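If you read the sequences in order, they're chains A and B.
Under my numbering, the first residue of the first sequence carries the number -1, and numbering increases by one thereafter.
Under my numbering, the first residue of the second sequence carries the number 24, and numbering increases by one thereafter.
Since the hints were derived computationally from the structure, they do not count as laboratory data.
Since the model is a prediction, treat every value here as computed from it, not as a measurement.
Do not take every clue at face value.
Over the 12 Å line for every Cβ pair with chain B, so calculated as not near, a few chain A residues [stated by the list, open to error]: (1) 27; (2) 173; (3) 269; (4) 312; (5) 341.
Only pairs whose alpha carbons sit at most 25 Å apart, straight line, appear in this in silico SDA-like list of lysine to any residue [claimed, not checked]: (6) 400(A) / 377(A); (7) 401(A) / 390(A); (8) 63(A) / 175(B); (9) 63(A) / 80(A); (10) 63(A) / 13(A); (11) 380(A) / 333(A); (12) 401(A) / 496(A); (13) 63(A) / 199(B); (14) 63(A) / 493(A); (15) 400(A) / 271(A); (16) 63(A) / 203(B); (17) 373(A) / 407(A); (18) 496(A) / 65(A); (19) 373(A) / 479(A); (20) 63(A) / 172(B); (21) 63(A) / 201(B); (22) 63(A) / 83(B); (23) 380(A) / 401(A); (24) 63(A) / 196(B); (25) 496(A) / 37(A); (26) 63(A) / 486(A); (27) 63(A) / 107(B); (28) 63(A) / 81(B); (29) 380(A) / 406(A); (30) 63(A) / 194(B); (31) 401(A) / 371(A); (32) 373(A) / 275(A); (33) 63(A) / 177(B); (34) 63(A) / 200(B); (35) 63(A) / 168(B); (36) 400(A) / 272(A); (37) 63(A) / 192(B); (38) 400(A) / 270(A); (39) 373(A) / 416(A); (40) 373(A) / 387(A).
Heads up, the beta-carbon is just placed ideally off N, CA and C, and yes, glycines get one too.
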Amino acid sequence: MLIRPVAEDFRIIAYYLGRIFVIVAAAGLLPTAWALLGREWHPLGSFLVMVGLFAILGLLGLLAKPEEGRLDWSHGMVVVALTWLLVPAVGSVPLALSGHYGSVVDALFEAMSGITTSGLSLTQDLDHLAPSVNFWRHLLHFLGGQGIVIAALSLFAGGGGITLYYGEARDERILPSVTSTARFIWTVASVHLVAGLAVLGLIGHQVLGFQWTRAFFHGLMVFFAAFDTGGFSPQSTSLGYYHSAIYELATAVLMLAGALSFGLHFAMWRGPRRAVFANLETRTILGTFGFTLALAIVGLAATGVYRTVPGLTRQAFFQVLSAHSGTGFSTVPSVELATWSGLAFGGIAIAMALGGMASSTAGGVKSLRIGLTLKAITNQIKHVLLPERAVVSNTYYQSGRKKLTPELAQSAMAVSLLYVALFLLGTGVAIAYGAPLQSALFESVSAAANVGLSVGVTDPTMPMALKLVYMLEMWAGRLEFVAVFALFGFVIAWVRGK
Amino acid sequence: MMLLRAGALAIVMILAQPVAATAQDESVVSVSELLADGRAFAGATVTLEGELVGDYGFRRDATMWTQLNDDPYARNPLVDSGRRAGANVGVGVRMPASLAEGLDPPGGYRRKGPLVQLTGTWRFHDPDRGGESYLEVRSLIVVEPGRHIDESVNWAVLPTGLVAVGLAAALWLLRRRAER
C-alpha cells in the first residue's frame, strides 16, 4: 500500500531544498560581481533577479524547518531530483533575459545542459555573448560537476548527508564522514582549478598570443568545462578555436582528471599508487578507451580523410577522449563529425555511452558497471565451460578485495539497461521527427550520457518535444535514475496514497 | 647588365604565373559550404567574407590566428538588435602578422569586429599542423571597419533584480530576528 506523504515530509524536503538554494544564491553572486565589474548592466539586472529568486526560495524553505523529522532515504532522493530540476529552472533566468535564446525552453535546455555537464548548446550568437553570461554557463558546469548537493554538504554539517550524497550519483564515501568526503572533493577541484588555470592561462598568452586577460578568461572557461567534463566553450568553434596541440594536451589532462573517480584521486594523493592500477574500474576504462580509440583510428584511416598518422592520431585521440570522458569538446566541426561513419562513428558513440568512472564528474554507464557486468558474464561462461567442481573466483579489486554478489551484478546490469533504454528513447523521438538513424542515435547517446558532442541535430530550430526529451535524458542520465524514480514514486504516493 | 635584367624579369614572370592562374580559380564561398565538403576545397584558393571575432592570437612564428564568422550576426549581432538566426558559423584563419596590423579589435560582446574579405588557401586536415583545417590567408580587404556597439539595456530588469534581492534581504532579517 502506498503511504501518502504528510506535511512533515514536505517540510523536510522544503528545508533541505532551502539550504541548497541559499548556497546556489551565493554562487550566483560570482557572475553578478563579474557583470558589475564589467559594467554589463543588462546581465547585471538578470543576475540580480536570479540571485534574489534563489535567496527568497532558499529562505522560505528554511522557514519550513521540520519539528523532529529527519531526512530519510526517500526524502533525500526527492530533494536531489528536485534540486536538479529547480536549480536549472531558476538558473536559466539570466540566459533567457540575455536575448541569446529562442525561448524560455531553450534557456532552460542550456541551463540543464550546463548543470548536468552535458554541453549541448542552444545559444545563438555565442561569439557576441556577454562574458558574465558566458561565465555563468561554465560555472553551471562547475556546480553540477562537483555536485550542488556536495557543495551544500561541505558547508553545512548535519544529518541527512549520506542520502543526499548517494542521491547525487556518488557511489563511494572516500573519508569516514560525508562532510569530510565532500570537502575533499572540493579540495581536489580547487587544486586542479589553480593549476589548470595557471597552465591554460600561460599557454594562452605565451603560445597562442592572447592578451593576458583574455588568456585567463579562456583558461577559466575551458577549465570548468574540461575538469567537470562539461563541454561548453567560450567560442562557437569549441576547442578547434585554439588551433594548438599543446592547448589540446593541457585540456586533455584536465578532461582525464575529471573522468577519474574522486576515490582514485584520493588513492593517488594519499594511498599506494600501485593499487590504482589494480582497480577493476581503472583496468576497464583503460581497456575500453584503447578499444574505442582503435576503432576510431581504423575507421578514419579507412576513409582516408587524414593523410598522415600524426594528424589522424591527434584528431582521433582528442575526439575519443572527449567522448569517453563525457566532456564533449571537439576540434572538428559538427558537420564534419556527422560524416564520420562506420568504425569511426562506432568508436565515438561507444565511448560516449560507456562514459567515465563512477563518482567522477563524468556521465555515461560508467566503467565500474561495465567492469562488473563483464566480470559477471565471464564468470557465467567459466561456470559453463569448467568442470562442475571447479571453483570460479567471484571477487574483484576496487579499493580493496570485494565480493561480486549476484545482487551487485544485477544492479550494474539493470542500470546499464536503463541507459540503453534512455538512448533508444531519444533516438526514437529524433527519428520520428525525421533525423537519420545514425545522427539520432549519436545525439541521444550524447544527451543521456551527458557528453555534448553533436552532429547537428541539437539546434534552436529542433522540435520542442525533442528538446524536452533531451532535457529528460540529461537529467535522468546525470542522476543515474534512482533519484528520478524516487521523485516519481513520491508524486504517485502523494496522488494515490492513503 | 641587360642580360641580367632580362633573366630577372623572366624569373619574376615564371613565379607570377601560378599566382595569376590561381587568381582565376578564386571563388567566394560561404563558411557553411566550405565546412560541408572541406575535402572538395582542399588546397584551393578561396575567398571568404565575414566578421573577425574572438581574439587576435599573434604567435611567435609571425602569424596571427583568429576566427571568421559569416553568419547573419557578422553584419547584425544580437547585441546590436540583430535577429536570432541559429548558432554562429565560423572558421579558423591564419595570416601573416603584418597583414593583421592596424585591424580594429575583433568582435565580441558590445563589439562588432571588422568585416573583411579574406583570400587564401584552404588547408584541409593540414598534415603539417596535426590535421587541423583553416584558411591560410594571403590577402585581406577591410569591407567595413569594426565598431563599438551600444547595448540596448532593458531597464526594467535591473530594478526588478534589486527588488528581488531587497525582498530576500528583508526575509533574511526577519528570520534572524525570529531566531533571536
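*Going through the earlier hints one by one, which of them does the structure break, listed in rising order?*
1, 4, 8, 11, 12, 20, 22, 25, 27, 28, 33 and 35
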